[in-house]
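Under numbering that gives the first Met the number 0, the residue at position 23 of the sequence shown is numbered 22, and the numbers go up by one with no gaps.
No lab work stands behind these hints: they were computed from the structure. Cβ coordinates follow ideal geometry from the N, Cα and C atoms, glycine included. Careful: at least some of the hints might be erroneous.
Claimed, not checked - If you anchor each label on the Cβ, the simulated ranges turn out as follows:
hint, residue 1, residue 2, range
1, ASN86, LYS33, 24 to 32 Å
2, VAL51, VAL7, 52 to 60 Å
3, GLN6, LYS103, 27 to 35 Å
4, GLN6, PHE95, 26 to 34 Å
5, GLY191, TYR38, 53 to 61 Å
6, LYS112, PHE24, 19 to 27 Å
7, LYS112, VAL7, 33 to 41 Å
8, VAL66, ASN102, 15 to 23 Å
9, TYR38, PRO97, 29 to 37 Å
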Amino acid sequence: MKKFLLQVERNCISGALLLLPLLVFFILLGKVWKFFQNYGEKFAHFLRLDLVLGKYATDIAGGIILVVLIYFSGFLMRLAVLKRFTNWIDEKLMIFLPGYEKNKKEAEEKLLKRNSKPKPSTDLPILFKNGNFWQPARLIEENENGTAVIFVPNAPAHDHGQILIVQSGDFKKLTETTLGSLDDSIKSFGKGILDFK
Numbered sequence: 000m001k002k003f004l005l006q007v008e009r010n011c012i013s014g015a016l017l018l019l020p021l022l023v024f025f026i027l028l029g030k031v032w033k034f035f036q037n038y039g040e041k042f043a044h045f046l047r048l049d050l051v052l053g054k055y056a057t058d059i060a061g062g063i064i065l066v067v068l069i070y071f072s073g074f075l076m077r078l079a080v081l082k083r084f085t086n087w088i089d090e091k092l093m094i095f096l097p098g099y100e101k102n103k104k105e106a107e108e109k110l111l112k113r114n115s116k117p118k119p120s121t122d123l124p125i126l127f128k129n130g131n132f133w134q135p136a137r138l139i140e141e142n143e144n145g146t147a148v149i150f151v152p153n154a155p156a157h158d159h160g161q162i163l164i165v166q167s168g169d170f171k172k173l174t175e176t177t178l179g180s181l182d183d184s185i186k187s188f189g190k191g192i193l194d195f196k
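I would like the entire structure built from these sequences, with the hints used as guidance.
Rendered as structure tokens:
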């Protein structure tokens with residue numbers, strides 16, 4: 000019975016830690032949306048959109064005002080005074096809102112990934128001869144003297160490992176294998192490597 004109660008207590012605490020940031024986020028979102036709806040209603044009435052769109056005019060006008068404000072805020076962020084002010088607000092939110100920093104970083108990463116064009120990779124999947132066995136690796140660069148720089152990842156993390164300088168005869172190139180399939184294989188502890196060519 001004591002073990003069951005401890006499990007219930009742990010689940011309740013974990014659930015509260017998960018729901019609290021979400022609850023705060025949705026409360027803030029609701030308040031922000033209500034604020035823009037109020038101005039959207041006035042804007043829609045001023046432009047007589049409420050006669051054309053009816054009850055949806057308030058939401059549409061409020062959404063347009065929000066998008067325009069976000070767009071112009073991007074220009075204002077270039078000013079150093081506003082940037083310092085927003086950094087100060089961020090620091091305070093990190094103190095009072097659990098999970099704010101993590102969610103902000105995830106959102107920034109998603110925006111950066113969406114805005115950045117993927118760079119063509121010059122890396123090539125290889126099998127590196129290490130004693131009596133072969134290791135999956137990436138060929139980073141190779142010169143005409145027969146010396147090469149390779150990266151040997153530590154499974155299951157394909158982006159952590161060792162950089163080695165080796166001779167060209169110590170590895171074989173996998174010209175028909177993509178880096179994505181090599182990374183997937185490393186994440187799954189080598190599953191599928193035997194089919195690589």
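**Study point:** Hint numbers contradicted by this structure
**Key:** The structure breaks none of the hints.
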